[in-house]
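Student: Starting from the known structure of chain A, arrange chain B on it as the hints suggest.
Just so you know, the protein sequences line up as chains A and B, in that order. The first sequence runs 1 to 113 under my numbering. The second sequence runs 1 to 115 under my numbering.
Derived from the structure by calculation, the hints contain no laboratory data. Zero decoy hints are in this set.
In silico BS3-like links for lysine-lysine, alpha-carbon gap of 30 Å or less:
| hint | chain 1 | residue 1 | chain 2 | residue 2 |
| --- | --- | --- | --- | --- |
| 1 | A | Lys3 | A | Lys71 |
| 2 | B | Lys107 | A | Lys57 |
| 3 | A | Lys18 | B | Lys107 |
| 4 | A | Lys57 | A | Lys13 |
| 5 | A | Lys3 | A | Lys13 |
| 6 | A | Lys57 | A | Lys3 |
| 7 | B | Lys107 | A | Lys3 |
| 8 | A | Lys70 | A | Lys57 |
| 9 | B | Lys61 | B | Lys49 |
| 10 | A | Lys71 | A | Lys18 |
| 11 | A | Lys13 | A | Lys71 |
| 12 | A | Lys13 | B | Lys107 |
| 13 | A | Lys3 | B | Lys61 |
| 14 | A | Lys3 | A | Lys55 |
| 15 | B | Lys49 | A | Lys71 |
| 16 | A | Lys3 | A | Lys53 |
| 17 | A | Lys13 | A | Lys55 |
| 18 | B | Lys49 | A | Lys55 |
| 19 | B | Lys49 | A | Lys3 |
| 20 | A | Lys53 | A | Lys18 |
| 21 | A | Lys71 | A | Lys53 |
| 22 | A | Lys53 | A | Lys70 |
| 23 | A | Lys18 | A | Lys55 |
| 24 | A | Lys57 | B | Lys49 |
| 25 | A | Lys70 | A | Lys3 |
| 26 | A | Lys70 | A | Lys13 |
| 27 | B | Lys68 | B | Lys107 |
| 28 | B | Lys107 | A | Lys55 |
| 29 | B | Lys49 | B | Lys107 |
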Amino acid sequence: DVKVTQSSRYLVKRTGEKVFLECVQDMDHENMFWYRQDPGLGLRLIYFSYDVKMKEKGDIPEGYSVSREKKERFSLILESASTNQTSMYLCASSLPLMNTEAFFGQGTRLTVV
Amino acid sequence: AQSVTQPDIHITVSEGASLELRCNYSYGATPYLFWYVQSPGQGLQLLLKYFSGDTLVQGIKGFEAEFKRSQSSFNLRKPSVHWSDAAEYFCAVGARGGGADGLTFGKGTHLIIQP
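Bound conformation, chain A alone (with noise of 0.2 Å):
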């Protein structure tokens, strides 16, 4: 079975600070996804990575970057959190299919005070 492992389940920071997002998947899938959840919003793409070393803007990536450096690793930066920033972060991976799924992570539950 695919899987897609995000390092922390909950975390809490304190605005301003640095915060990395981990995400691991283990099935030598190309794409790598970031969205983040909001009640009433659905999910929103912040950004994606089609190859190592590649990103690409989604629609809502202001506030944050992306680096991958390993196939298997994806992760999400917040510079500077914020408290608007507070939300639930979920990775995904799928192959650089168009008839392909995404598969996803649990979840990563942020909260900036």
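Tutor: Same frame as chain A, now just chain B:
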């Protein structure tokens, strides 16, 4: 740009009753359509997907969905719900641009099961 609309934010169904969750999409070409389920505090699990062929697709947990091109719809159905079906359900359309650069999700439908 592609988009997905789930008109119902909340739906309440009695246990044992039938269920239909609505999904409408906007997409310029043949869509790739998905239904995911999210149990409380969990990630998303794929229920079923439609790429081509038979417009009625079967998924896990007894769910099915029907693709209707004329109505731009991909509604999810289950003949008899169980209390464990209480969850958030997301419809999604795949592939913007020339590659698998992410799914576009609807805002979700929260399913409540009454005993």
